[in-house]
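Asker: Sequence:
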Amino acid sequence: MAATAMIGLATLRCHHHRLSARPRATSAVRSCTLPPRCRRCGSVTPHSSCAASPPRGRPAAALSRIAAGNTAGFMGPSKSDNGTAALPRSSSSDFRRRLIVPNSTGNASATPGSSGLLPTILGVAHLLVSLGIVVATDKFLKQAFVAASIKFPSALFGMFCVFSVLVVFDAFVPALAKGFMDFFEPATLFIQRWLPLFYVPSLVVLPLAVRDVPAASGLKIFAITFGGWFASLAVAGYTALAVRKLVKTQLIPAEPMSKPSPFSTFETWAWGAIFVASFGVAYFNPTALGTTARTCLPFLLAANVLGYMVGSGLPAGVKKVLHPIISCALSADLAAVAYGYLSGSGLDAVLGDYFTKAPSNPGAGDVLMGFLGSVIISFAFSMFKARKLVKRHAAEIFTSIALASTFSLYSTAIIGRLIGLEPSLTISILPRCITVALALSIVSFFEGVNSSLTAAVVVLTGLIGANFVQAAMDKLGLKDPIARGIGTASSAHGLGTAALSAKEPEALPFCAIAYGLTGIFGSLICSVPAVRQSLIFIAG
Numbered sequence: 001m002a003a004t005a006m007i008g009l010a011t012l013r014c015h016h017h018r019l020s021a022r023p024r025a026t027s028a029v030r031s032c033t034l035p036p037r038c039r040r041c042g043s044v045t046p047h048s049s050c051a052a053s054p055p056r057g058r059p060a061a062a063l064s065r066i067a068a069g070n071t072a073g074f075m076g077p078s079k080s081d082n083g084t085a086a087l088p089r090s091s092s093s094d095f096r097r098r099l100i101v102p103n104s105t106g107n108a109s110a111t112p113g114s115s116g117l118l119p120t121i122l123g124v125a126h127l128l129v130s131l132g133i134v135v136a137t138d139k140f141l142k143q144a145f146v147a148a149s150i151k152f153p154s155a156l157f158g159m160f161c162v163f164s165v166l167v168v169f170d171a172f173v174p175a176l177a178k179g180f181m182d183f184f185e186p187a188t189l190f191i192q193r194w195l196p197l198f199y200v201p202s203l204v205v206l207p208l209a210v211r212d213v214p215a216a217s218g219l220k221i222f223a224i225t226f227g228g229w230f231a232s233l234a235v236a237g238y239t240a241l242a243v244r245k246l247v248k249t250q251l252i253p254a255e256p257m258s259k260p261s262p263f264s265t266f267e268t269w270a271w272g273a274i275f276v277a278s279f280g281v282a283y284f285n286p287t288a289l290g291t292t293a294r295t296c297l298p299f300l301l302a303a304n305v306l307g308y309m310v311g312s313g314l315p316a317g318v319k320k321v322l323h324p325i326i327s328c329a330l331s332a333d334l335a336a337v338a339y340g341y342l343s344g345s346g347l348d349a350v351l352g353d354y355f356t357k358a359p360s361n362p363g364a365g366d367v368l369m370g371f372l373g374s375v376i377i378s379f380a381f382s383m384f385k386a387r388k389l390v391k392r393h394a395a396e397i398f399t400s401i402a403l404a405s406t407f408s409l410y411s412t413a414i415i416g417r418l419i420g421l422e423p424s425l426t427i428s429i430l431p432r433c434i435t436v437a438l439a440l441s442i443v444s445f446f447e448g449v450n451s452s453l454t455a456a457v458v459v460l461t462g463l464i465g466a467n468f469v470q471a472a473m474d475k476l477g478l479k480d481p482i483a484r485g486i487g488t489a490s491s492a493h494g495l496g497t498a499a500l501s502a503k504e505p506e507a508l509p510f511c512a513i514a515y516g517l518t519g520i521f522g523s524l525i526c527s528v529p530a531v532r533q534s535l536i537f538i539a540g
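Read in order, the letters of the sequence shown are residues 1 to 540 in my numbering.
For the record, the hints were derived by calculation from the structure and aren't laboratory data.
Since this is a predicted model, take the numbers as computed values, not measurements.
Worth double-checking, as some hints may not be accurate.
Cut-off 16 Å, straight-line C-alpha distance, at most; resulting in silico cross-link-like pairs (EDC-like, lysine to aspartate or glutamate) [claimed, not checked]: (1) K220 to E422; (2) K391 to D170; (3) K479 to E504.
Label pairs and their in silico Cβ distance ranges [unchecked claim]: (4) A402 to W269: 46 to 56 Å; (5) A171 to V281: 53 to 63 Å; (6) I525 to A394: 34 to 44 Å; (7) K475 to N361: 46 to 56 Å; (8) L314 to V276: 17 to 27 Å; (9) E506 to S534: 33 to 43 Å.
Don't be surprised by glycine CBs; every beta carbon is placed ideally from N, CA and C.
With the hints as constraints, model all of the structure from the sequences given.
Answerer: See the structure below:
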């Protein structure tokens, strides 16, 4: 339901922009039918002082084509007055990208046929089918692994399967691999655009999770988080730098990566209307949809989305402190506080309805968390796009990530034991340097952990990295783009990556690779029983 709502709003916005672009498209045709003007004085009426010459270039050719009944010149690519090629019409791949990642400007060259309703319907259908296959694959693998009593993350297995299939296709039938990538492009763009939303539920219910954590333990956790971040950054950066000096592989530019566009005012108002309407329904009839969790789901989901949109539009300096993930969680908490106060049910009850962990009675948090497996599977497409870069710099990437991930896990367990942190809390913060989706997968290997605390520590680590990573690497003398990219992603995952890539785009490809591979490697080693037992033994 959440995906459908997001898709619908994105689609409406795209259709709105194409409609708004039509006057500009038709104005070009209309200008071709105007009477010729004098090239010297601009007068429409012929006169003797200026020798009016017949209009040259595109207007005359356009009029002749209209007179001949040929409109192909307007529908296809043409030559402009100065001889340069005019922009061609958008391909179906470009259209799908605008559908999932809408542009803020219309397509001025759109034709009535290309801006009709049929391409929009086809684009939405393509998105629903591709995203549906990814989600269905995740659900199928999850059920199969549960039935077989396999503790290895099912989504991680699915990611490896998809990546392997793409590699085989690319080796034997490259066109098939490209078609596979193109087919799932709408799904990957959709997941990329809404990615932070899927991490938020554990943060929203954090007030319930940390209620029993003593203040002294909280200070110890913060100390481990900050000191561990700096230590992990140094280990990953220096390892990458040392390997770089040994292999001496020349750095080459990476392929450009697609980025989601900002959210539009239309989308913000639409989600605002959903929030107000559903909040009112829940207030007057708390069981309108059968249960309180289902009735509260629309306005709590809308609160998450609105918080994310507002946070995404904040200035870069503000986002270092108030990251969109934080504003996303705070907006849902504020909505829960308001509803709990007005309805008399209280905050605890509303947060319980937000994240029920019951498939038969899902809340907004359950819907968002249901996409985490699909997020992990989608990493396969990102890895495949970066396969050439990974192959070229495999020594630096894999050595740094292996050492940094192992160091992060074991150093956290050791420091937690030394300063007397409770073993259950130490285990909960082990994957502090790993992205939330895979961090939650890692702690699921252990018993008695606090997953909300895990998510909170991961976000805190990212915020620390986003604010201090560049200054820290300068002090450590890490100048190489590969060392800076791998060090940032291995220590501060996605939030640190976003902060560094904004100022150092040459490090972005290595950030993106290390961002996913760090979590993958951590999941792999934690899936080994001997490693898990050693971590538990060290933590106490």
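Asker: Go through the numbered hints given earlier and state which of them the structure violates, listing their numbers in rising order.
Answerer: 6
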